[in-house]
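A.B. asks: Listed here are the chains, written in short residue letters.
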Amino acid sequence: MQIPVAEGLFAVNGAGVQLIGTRCCSCDTLYFPQTPGCRNPLCRDKQLEQVLLPDRGTLYSYTVQRYQPPALFAMDAWSPYALGLVDLGHGLRVMGMLDDVPLDKIAIGMALKLSLRTLTTDENGQSRVTYAFVPDTTKDHA
Amino acid sequence: MTKPVHVLGAGAHPWGKWPNRSQLQLAIDALAMAIDDAGLSWPEIQGLVAASSRFEGGMGWGLHANEVVQAVAEQGIPCVNVGGACAAGAIAFQTAYSMIASGQCDVVAVLGAERMPKGFIPRPPGSQDDITDSDYLRWVAMGATNPAYWAIEANRRKHDFGTTDATLAQASVLMRRNAAGNRLARFRNPTTIDEVLASPMVSDPLHLLEICPVSDGAAALILGSEQYVQRSGKRPVHVAGCAIATGQFGDPGRRIPTISSTVSDDVSHTSEVTTAVQRALAMAGMGPNDIDILEMADNTAWHLLAWPELFGFYEAGQGDWMLNNGKLDIGGDLAVNPSGGFLSFGEATTAQAVLQVCELTWQLRGEAQGHQVPDARVGMSAVLGLGANGGSVILKT
Ligand SMILES: [Zn+2]
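Read top to bottom, the protein sequences are chains C and G. First residue of the first sequence: 1, per our numbering; consecutive thereafter. First residue of the second sequence: 1001, per our numbering; consecutive thereafter.
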């Protein structure tokens, strides 16, 4: 049993993992996470719809979190991990954990795709999962 | 037609950890020093604007100014309490400026006083544990600490401009060297590039000595109209410009605590601060070349490289050369944080922007003992706060 860290943040379906965002149909702007309004001051109508965001992007920048964050962030067997800022296109840059890549092999510009990462698993086998970015080995996206 | 506004007095309690002194006591001390510096006494103060904090004091409602007058001078004056997180001091300054420039008051005090909690800053009570609260998501979904946000900026700078770890460390070295002569700073021991790089890595590429910690501190200013400018007998210091601003849609900066941004190429990075700076410069009728001193919020070494570029002091990417060639030193082309900056003070959030203007005042008067910038005529402050709040003040002699 997998429990997401927050409802409405990402969706898991046949296509894999996708972030749930908002598109403003009036000015064609993407937002993540879902937003109650369009922040573009020049946009008048602000007609919003829920969308699944692109699941592939490139690494814009990153860091390695070397010390343990406060308790609200729970992770079994804590060890330093990478956080990336990922360009999903359309002006949207999203932060998230980087997974499946050695900390010294991370490079700005690398192709990434969305995945799930298990943060904690309790004695009943129930896990808390978040979204994460992993190297995109297919690299077939434009 | 607005009236000219002047800085009549400045006062600050030393920065540090003061477990035995209340936030109120720090505030009262700083105010007493500023009033004395102005050659005035409480009955002449016609208004008090306080940066309000959520950490301590303010009677639980952010009523920091009210708490002070109830402690030392109940005299019916307007008390204004302004929010703005780490930029609250700049918003307090802007408010007091307006009260005098409008002609409503002749003498108004500005106050920022802070005792910071230990460890991580807790989320405010009543926050939603769902996707509507970025400050929840950044923790539960990825554990993104504040240094992680700044580190992501620093790594991108390394990629874009080839900034080295030694150059980032040099920024911390400069701040400590400046602070060595400043009795108000908390960390006054000089350091070296090797020592900075040997300090623990917090969030790559930023080491512990490249990130500002939190401190307790308090600072106060007395602003006044023309008729009070000669009262103290000290060299007059004028407010040439001051402005506050909020962020622009499309800002590419990694804004705490958001987990994403919708970015436009034509919008300035950290637009809340660059907009405030540009407004203050326009008000002063000045350009970056007119500024002798920049007191800016150096939450990390990266800020010291990036911010002067964002403000137009020189081109993007040139900060490394400026720093490494002594151009940002006391006595250089642009003295950046002769006080020692946040890296040497630690951040006493709401007090920080008031302290910046105190420092500029002392510099322009020639009273910055131990860290005086020679022939300083014009000084600028720049600060950033949660909620995309930016503020900037320009003083001139
Ligand atoms: Zn829109």
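No wet-lab data here; the hints were simulated from the structure. Every value quoted in this text rests on a predicted model; they were computed, and no experiment measured them. There may be inaccurate statements among the hints.
Claimed, not checked - Selected chain G positions facing chain C (in silico; Cβ < 10 Å):
hint	residue
1	Ser1022
2	Arg1123
3	Gly1126
4	Pro1200
5	Asp1204
Glycine included, every Cβ here is placed at the ideal spot set by N, Cα and C.
A.B. asks: A separate judgement is required for each hint: does it hold in the structure or not?
C.D. replies: Outcome of the hint check:
1. Hint status for Ser1022 (chain G): violated, given a least beta-carbon distance of 26 Å to chain C, over 10 Å.
2. Here the hint on Arg1123 (chain G) is kept, as its CB sits about 8 Å from the closest CB of chain C, short of 10 Å.
3. Nearest Cβ of chain C to the Cβ of Gly1126 (chain G): about 15 Å, over the 10 Å cut. The hint is violated.
4. About 7 Å separates the beta-carbon of Pro1200 (chain G) from the nearest beta-carbon of chain C, less than 10 Å, and the hint is met.
5. Residue-level restraint check for Asp1204 (chain G) holds (minimum Cβ-Cβ distance to chain C is 4 Å; threshold 10 Å).
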